[in-house]
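Q: The lines below spell out each chain.
Number of protein chains: 2
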Amino acid sequence: MHKCPSGAAVLIPAMQAHLTNQHCWNSLPSPSVREAASMYSTAVAIFLVILVAALQSSEPPESPFPYHIPLDPDGILELSWNISYVQETIHFLLQVQGLRAGVLFGMSDRGELENADLIMLWTDGNRSYFADAWSDQKGQIHLDAQQDYQLLQVQRTSDGLSLLFKRPFVTCDPKDYLIEDDTVHLVYGILEEPFQSLEAINTSGLHTGLQRVQLLKSEVPTPDMPADVQTMEIRAPDVLIPDHETTYWCYVTELPQDFSRHHIIMYEAVVTEGNEALVHHMEVFQCAAEFKSFPHFNGPCDSKMKPDRLNYCRHVLAAWALGAKAFYYPEEAGVAFGGLGSSRYLRLEVHYHNPRNIRGRHDSSGIRLYYTATLRQFNAGIMELGLVYTPVMAIPPQETAFVLTGYCTDKCTMLALPPSGIRIFASQLHTHLTGRKVVTVLARGGQERKVVNRDNHYSPHFQEIRMLKKVVSVFPGDVLITSCTYNTEDRKLATVGGFGILEEMCVNYVHYYPQTELELCKSAVNDGYLQKYFHQVNSFNNEEVCTCPQASVPEQFTSVPWNSYNRDMLKALYRFAPISMHCNKTSAVRFQGEWNLQPLPEITSTLKDPTPNCPTGQAVSHTNPTTVVNWGRG
Amino acid sequence: MHKCPSGAAVLIPAMQAHLTNQHCWNSLPSPSVREAASMYSTAVAIFLVILVAALQSSEPPESPFPYHIPLDPDGILELSWNISYVQETIHFLLQVQGLRAGVLFGMSDRGELENADLIMLWTDGNRSYFADAWSDQKGQIHLDAQQDYQLLQVQRTSDGLSLLFKRPFVTCDPKDYLIEDDTVHLVYGILEEPFQSLEAINTSGLHTGLQRVQLLKSEVPTPDMPADVQTMEIRAPDVLIPDHETTYWCYVTELPQDFSRHHIIMYEAVVTEGNEALVHHMEVFQCAAEFKSFPHFNGPCDSKMKPDRLNYCRHVLAAWALGAKAFYYPEEAGVAFGGLGSSRYLRLEVHYHNPRNIRGRHDSSGIRLYYTATLRQFNAGIMELGLVYTPVMAIPPQETAFVLTGYCTDKCTMLALPPSGIRIFASQLHTHLTGRKVVTVLARGGQERKVVNRDNHYSPHFQEIRMLKKVVSVFPGDVLITSCTYNTEDRKLATVGGFGILEEMCVNYVHYYPQTELELCKSAVNDGYLQKYFHQVNSFNNEEVCTCPQASVPEQFTSVPWNSYNRDMLKALYRFAPISMHCNKTSAVRFQGEWNLQPLPEITSTLKDPTPNCPTGQAVSHTNPTTVVNWGRG
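Protein sequences, first through last, are from chains A and B. Numbering that gives the first Met the number 0 puts the first residue of the first sequence at 0, with every later residue one more than the last. Numbering that gives the first Met the number 0 puts the first residue of the second sequence at 0, with every later residue one more than the last.
Honestly, I wouldn't trust all of these hints.
One copy or two, either will do: identical chains are not told apart, so a pair holds if it fits within one copy or between any two.
Below, in silico cross-link-like pairs of lysine-lysine (DSS-like), each with a Cα-Cα straight-line distance of 25 Å or less [what the hints assert, rightly or not]:
| id | residue 1 | residue 2 |
| --- | --- | --- |
| 1 | Lys570 | Lys531 |
| 2 | Lys607 | Lys137 |
| 3 | Lys449 | Lys137 |
| 4 | Lys436 | Lys607 |
| 5 | Lys436 | Lys216 |
| 6 | Lys174 | Lys607 |
Derived by calculation from the structure, the hints in this document are not laboratory data.
Please work from the sequences and hints to get the whole structure.
A: Below is the structure:
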């Protein structure tokens, strides 16, 4: 099965018990505190030549790693990993092409190289070291007091080196990142020259970067594909990837004439070989049924040539982002497409991320749909939770963490959901550029019960559909509360809600079955109360917020003097004022009822953040009481 | 030195290394998990007789415990302790008179028996056990997963039992109380009968109580007394302690005619023997110099017979509370009293706490002043920081943790402090009944620099002068920020600032030297801005807060409809609006300058709560990097 090439693999002896098939090593240097400088020879270039020459080719071990992601746009670093939910541990395999003097890899809050949780592989020109480390506010590297990344194997490969190491999700080392279900900002760096000590390294001097990924993926078992499954690829034909950092490519295609109603039951990305690090995310949208036809556009989405009608191709059929695997619908449900009452037109959107401005690269990436004519028991649907796209919900400028909240009220779920409820199995969070966190919580009887989906490290640049680890049932009378946290430090004026890229959204697209008529369950503050707020601002500040009918809400927000009092009052208003509900069948058709001036849902108990359990191996625990003395008997 | 009576002391062997002079034991039962029920004999009464009979008298060990406090008003439980700041550990000696079936002792947030951190000594009628435990929200006892209280010795005494055990300040067990510098609410309970298991015990069925104390006292070395030191006792003559729970006794006395200027350099409590558990706190006040004489009153402070003029006896000379030891002034400073320009009249106030309504107890407790005619280099002074006593600072009803903040601004310290600054060496925090936390922070250059004094477990029933562990120097231009946190859950109307017991205060009396003219450095929100707030309340709610000149501020606060918006707006107002400063020589005389409509001090960086270090014995730590492989050489 697994060969042990001579002189190739090194295994640290203390870690031996954790490995099964890879008991290969030849030298066992005893661990040493060689932080102090050893005499550093000048011949760095020679050292590197020797290093590379000393490594012979060998076969990589059979891969037990289901997940892969390129870290850098040049494909020098590739990360593979697997997850043990039982041991709450991740094994990482980091493959490095053409290793120079070392690498760093790790995680940080939002991808910065300061205050990062790192592993370091470095050489002082003489010996080489591996350590669990951290970078401080200035980017300087320090050794962690507690070593939680365990190196399991170092192996040379045909074109570089591979490192195998593991880490618990939770380490309880205050210098370590807490690995949770949400987006993780991975950071990496390449060391071009030896360093005399770990403390001599500063991340600012290195070639570094970041990559976003969900590390702790849902491992719900995938249903078998039926015998009659068919596939269809929605791919842009031979796109010449533009040589600038960000391109959204739009391509319109259509289903065959007379294509009858089918169920999509799975889809996956098809990425042109060699472009893995350039294709950032892709989505397939279905166009609106109200238009008979759509122009066959193929070009950048921001092109002046793009027909306006393409704005009506917004209904998500499939979405993929870097690092995501195939998306399987639950075995009892599928997404209906084709047939009467639905548009034959589809729009593919591909986000190319080309920071190195690589030229001349051709691409035909896209999404492969797996579908069946044998309809499943339930249609799967998508429901939009969060905030209505309206300027009444606004974020003052210069805020680091301003929260806006949208509600799906009990009154709406009571009307629109079947008595047996719906089951949410996946979720896609969405904001524009200032979004930093998104969470949807389910409340019942005034009490928060569970988190539907949460991303405390949300990035608007990384929006993927995520399978939930546990399906969430929602019944009539339940409330769904979606909160988004925004950072407007770089804005000079208020950011209002709306469709524009410089406006904001707060949306959770939840995927569920059985499909209902409810497409939209969102809220916004009542406009009359917002006008009272503007009046109050005027009364306190003697400033001129125009409260005449001619002034638009964005204009009114623009003229608010943003002192701390007006900021705090706006927060208080959003926590207090009645809301207007959109409890809609489609974006234009409401369920019957009074939806204006609705009371905010009353929540009497909120969910607490779970206290992470520190790994049991690390904490001393006595569970027996101590016997004192036999009082009762002699 | 220390005798080992046969059959008396029991030492758990694992703890032996921690003891020095007390290696005495006769039986060493092996630790056992006798949680499961053993057959419980019915003869509880007989068991108790046997228990008491089995214990013979022995001498207590020589006391290495500088601190003592009775826990219960009947004097059944007495706690002694010492502190090792090097090991961050407290040794406790708990002495129990006439032990029945066990005791519990511990700490909780505010003295409640639920969610408490406990030690339990109990018997199942057969064997007896000691454990580190905790009580849940319902008062049920559970064993801690981590045992942090270590039992060192159990010894019978002539009239009961003594337990010696220790605990680190910080355990990092989430079920344990974090012992900090501030007030600690000790809880105790007496077990009257055996329990089959720890889990069978609920605190609600026990005779329990609480006692407040500062456990981590300042251990600043005490200066030697000069040869010419004299003493004077300020004691009420033969008070018959009233048989109700709370009495404040007032007694006026006077210094001898022609008593010249002296320095008080130390004082201590003199408590009548037998009344140690009844005398809760005592203060000596100097009366105002502006009145030539004061009536010689001797009676309850709330008596209708008490002359009004005693309200002018408010300048604190000495203050003692239960558990406090002698108070020493720094060797270079003393409090001036006597001589020209100061009143000869003193008022002693004694708070008797008599919850058992004991009758017929006589008392002559008081305070003994140590003073010298050889004046020290500096006069010590007291400065009042915090909020002006004015209704403009108010707390809405039904708040669990509402914060009010008072400022001593840079403008005032610039005017009033000498270039070499002042040194604060002690502090007494003060609020009325709803106060729960008090803190004063020093800021310099817009940045919070250090905590002057903080009590996160402050109780208005326990106000003692505390020596600071480190003297804090304050220079011209520094800002002192005093914040109080209030709980008004039991109030139906707003609580406004003022002198009344149902009104509130937020004060830190800081003791410092050299004395300056600055007696008061406090603030309150500007009244004009508060009126703007009332206008806003009206504009939003269409409610009637009278904003006419006839309405007093308390009346205005009473008519505010307290919804979340008005609460949040008031908080925002106090965070935003300009302040009026009292930068005063005495309560009536201001320093020259404009003190109205002052900007709030701008604070750009705040102090972070220190992360407590978990005890090193408990946490696994690796500090060495792991050597990977000798890349460079062969």
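Q: Are the hints correct? Go through all of them and say.
A: Tested hints:
Taking the shortest alpha-carbon separations for Lys570 and Lys531, both the intra-copy value of 14 Å and the inter-copy value of 19 Å come in at or below 25 Å. In the homo-oligomer, the alpha carbons of Lys607 and Lys137 lie at most 25 Å apart only across protomers (19 Å), although the nearest pairing inside one protomer, at 33 Å, exceeds that limit. For the homomeric pair Lys449 and Lys137, the shortest alpha-carbon distance between copies (24 Å) is at most 25 Å, but the shortest distance inside one copy (39 Å) is not. For the homomeric pair Lys436 and Lys607, the shortest alpha-carbon distances inside one copy (17 Å) and between copies (23 Å) are both at most 25 Å.
Only within a single protomer do Lys436 and Lys216 lie at most 25 Å apart by alpha-carbon distance; the minimum there is 18 Å, versus 44 Å between protomers. When the C-alpha separation of Lys174 and Lys607 is checked against a cutoff of 25 Å, the pair qualifies both within a copy, at 23 Å, and between copies, at 16 Å.
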